[in-house]
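**Q** What follows is the residue order along each chain.
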Amino acid sequence: MKKQVPVVITFIVGTVLILSVFFPPAERLGEDFSIFFDIIAVFAFFLGGGNLIRIHTSKIYNKRQDWGFSVVTICGFGLMLMAGLFKLWNPGGIAADVAATGSLFQLMYDWIFNPLGASMYALLAFYVASASYRAFRAKNIDATILLIAAFVILLGRTPLGMYATSWIPESFSIMQIPNLAIWIMVSPNLAGQRAIMIGIALGVVSMSLRLILGVERTYLGVDND
Amino acid sequence: MTNIGLILSIAAIIGGLLWLTIRSLSGREVERRIIFLFIGIAVSVPLLFDITFSEKATPIVKGVYDKVDNLPSGSVILISFDYGPSMAPEVEPMSNAFIRHSLAKDHKVIIMGLWATGQSLGASAVENVIKKEFPNKIDGVDYINIGYKAGNQGVLNVIITDFRKMYATDVNGVDLDSVQIFQGIRSLKDMDLMISVGGGFPGIKEWVLFAADPGNIPLAGASAAVSTPLLYPYYPMQLIGLLGGIKGAAEYESEMKKNYPQFADMPTPGIEMMGPQTLAHMVVMAFIVIGNLSFFFAKRRKE
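For the protein sequence lines, the chains are H and P, in the order given.
In terms of the numbering used here, the first sequence is residues 264 to 488.
In terms of the numbering used here, the second sequence is residues -7 to 295.
Hints listed in this document are in silico derivations from the structure and should not be mistaken for laboratory results.
Every value quoted in this text rests on a predicted model; they were computed, and no experiment measured them.
Misleading hints may appear alongside valid ones.
What the hints assert, rightly or not - Under the rule of at most 27 Å between Cα atoms (straight-line distance), these lysine-lysine pairs were calculated in the BS3-like manner:
#1 K124(P) with K249(P)
#2 K350(H) with K124(P)
#3 K123(P) with K350(H)
#4 K402(H) with K294(P)
#5 K249(P) with K129(P)
Stated by the list, open to error - Derived list of chain H stretches under chain P, where covered just means 3 residues or more per stretch with a C-beta under 8 Å from a C-beta of chain P:
#6 339 to 350
#7 391 to 399
All C-beta atoms in this analysis are idealised placements derived from N, C-alpha and C, irrespective of residue type, glycine included.
Bound-form chain P, shown alone (with noise of 0.2 Å):
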């Protein structure tokens, strides 16, 4: 039944491509409801029938897997949410999978946020990931909320040299010399990893300006998919690697499955969400072609 429903769709969406097609050729333009209807189809069809593909992670993602991986146990690791709810979709399966990985490995997790939207999402990633799935660990010894604090990029400047200037307690209120995780940690320069995952300002960017390279510290980064070009220049020299939008995070996850069985019935958002980008780049290609045909034959019309 769910193939059928399939098959009916997506010829449904290849004819109602080549209708319009046809249409351009004989000089009529496609309206703009139209083609929100088609990349509305396009989105919905792989999630109403859970279409999703295998994916290989490219080296790019493989250097933050394999660095949070051959880390050893009681690793500390830095995770920033530097992002807010309109970039949530396309960056939590990446902050939530960073988390995972780490506790697994039984690498200890400070999570803060450059973003103040980010104090709330680091709380919901603690909620529904950590609480939920290593109902062992314990706050403040395996993993910690120290939350936002505003400045953007003069909280780094802080931070580097000493983290109590800037946070004297977590989110709880408690104070941070009296947590365990804390104990031995004086700036950022004792981490062994920092993520940041966002892709706006303050962002992986001014990780890198204020941050790694000032600390000689690794940093890696989870970026949305928009501004993942600008941050290439930093890899690999900078950041040992980068998550570019979903296909990042589907890379992430398929490497998570494929490496550990315990994850093996993980929600994967990123996988998922690989269907509706596949189709809906599909229709946006096949667009492209219907405007540029209109505008040549429209062109030679003239001629």
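Same shape as in the complex, but just chain H (with noise of 0.2 Å):
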């Protein structure tokens, strides 16, 4: 029975969403389940939140290595958690936008989860300049290629790209760097990634086919035989 019910819901879901495309009468039930979808995401943030209470808790109460991470965490996520739900020094009051200019919420995420977040991105740039001193060698006739296109897209990103090479007559104006650089990203990168999208593409409608007529059922857990 544990193993029968999903795999029937999966089944009447999954036929019922692909007929909602495919045969009109159906597309209001394909829109009523998309709509149950969208009520069982929400569960997920329960879920999440529950979660990371759970793992953190545990890891202050055994004392793991760097507990004092998950303190903050923890404080974090119950202040902006209270902040949000009722909605605290809010001049609209509870029924107003959670993100309404002065409340608490807004202000927490405007001065502390947005300049934090954004720092953390910023740190990427730091990285690749590293990694790209490290890794980046032509070691063979593949990498010098992917080198040689590394250094266009580079260029073409800037200004200097255009500066170096604005003196190319109109007549050869594909070889002037910005063009050079939107021609690889045309061409060659959109070729690529195009064949990796229809092989994505084949692989989630030979998955989802595994899903739905019961094939495939690692998503049940691992007592699943």
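Take each chain as given, in its own frame, and dock them per the hints.
**A** Next up, the structure:
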């Protein structure tokens, strides 16, 4: 029963959603199923929040390595949750937008979460520079082609590329670095990306059919024999 | 004084890189901390000395600009904030530019988000751009923020046929049926243009697959530079244009400044950030060259 019910649900939902695309009378049903999905998706937040608390409280309780960071995580999570749930300092009261200007939630978002998130992403520039020095080597022909393409793209994404090659006559404008960078993006890159996308799409179709027909049951957990 | 500072800084960077090249050729590895220092200087110098470059819009950016510009006044443009704070410095200049351009053309703007973090960023855009720069525009008449709903592409699957099944109210709890901007709007199919700003999941790709393509609705994208190559296959058939990274933002801003005298003094973070990006790219390229030189010299020494 534990295995059959989910398989039957998957079969019905999958079949209806496929039919809703090709068979107009089933369109409404497909739409309703999408709404059910959106309602279920909300519960993922409870699951995620619960999981975060469970993992970090266990780390603090057992005083595992770096448990201090878990204290900060739990405090940050709790504070942000309270500020959002009870709309603390919200000028419009409990019915107003959670992100209303002046609310504690939006203040913490603007002055803590926003700069921290941006700083984390900005660190990428430093690691990219370090990695490009250590790993980007012209060891063989393939790596050399990749290196040349990277140089053109790096230059093409800056105004210097335009200044450096603006002397090239219009009839050879493809040789101007910004145009060369665009060519790399819309020709070799595009061909590669399309091939990957078509491959993924075929994989998704075959995996979906396996799920709908009950051949693939790993999503039911390890005890699925 | 500024010029002297700038020349000294660039001379220090070039001198430092030459010194590192000589060290590398003699077989000594460049420490990670030194690379970090160079990138730090390369990013800070253009900001300190206010170095900017002129930009020219490429066809892929011009496609979005022309679409917004050529729509008749009163057209409805939906801007989806599909990003979080980590991506904001790179894509926020684009969403702000779209809002400015749309409102200057008297279009109606609907703000929403497929990312939970997008709702607060949308609220910030309303507060910092619309309320400050367009004080005569009225919430619910000229623009509206309907916020975030959970469900990723599932949300699009529903609002492509009926907005109200997913969004009963805007972020302030005002019934959508009672706001003027939503009169005559039933679904995404009533949009004259949709713009997804982001670069992750759910994002531009989901907008193409679940809204633009099935509904035959014009869609434009604005994404972080790292995700832009993945979106090129959708241009120009499914995407009318695409702004990639800070360069895309800078091109759009320069086009706005060129064509609208009222935007001569507008904030242009995209154009301003092209200085640090240019110098940082130069330093990265220099390190690639140094790394390869030391690699070949080491190989030759072994032989």
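**Q** All the hints need checking, so say for each whether the structure fits it.
**A** Right, here's what the structure says about each hint:
{"no.": "1", "hint": "K124(P) with K249(P)", "in the structure": "holds, 18 Å"}
{"no.": "2", "hint": "K350(H) with K124(P)", "in the structure": "holds, 24 Å"}
{"no.": "3", "hint": "K123(P) with K350(H)", "in the structure": "holds, 22 Å"}
{"no.": "4", "hint": "K402(H) with K294(P)", "in the structure": "holds, 15 Å"}
{"no.": "5", "hint": "K249(P) with K129(P)", "in the structure": "holds, 21 Å"}
{"no.": "6", "hint": "339 to 350", "in the structure": "violated (count 0)"}
{"no.": "7", "hint": "391 to 399", "in the structure": "holds (count 7)"}
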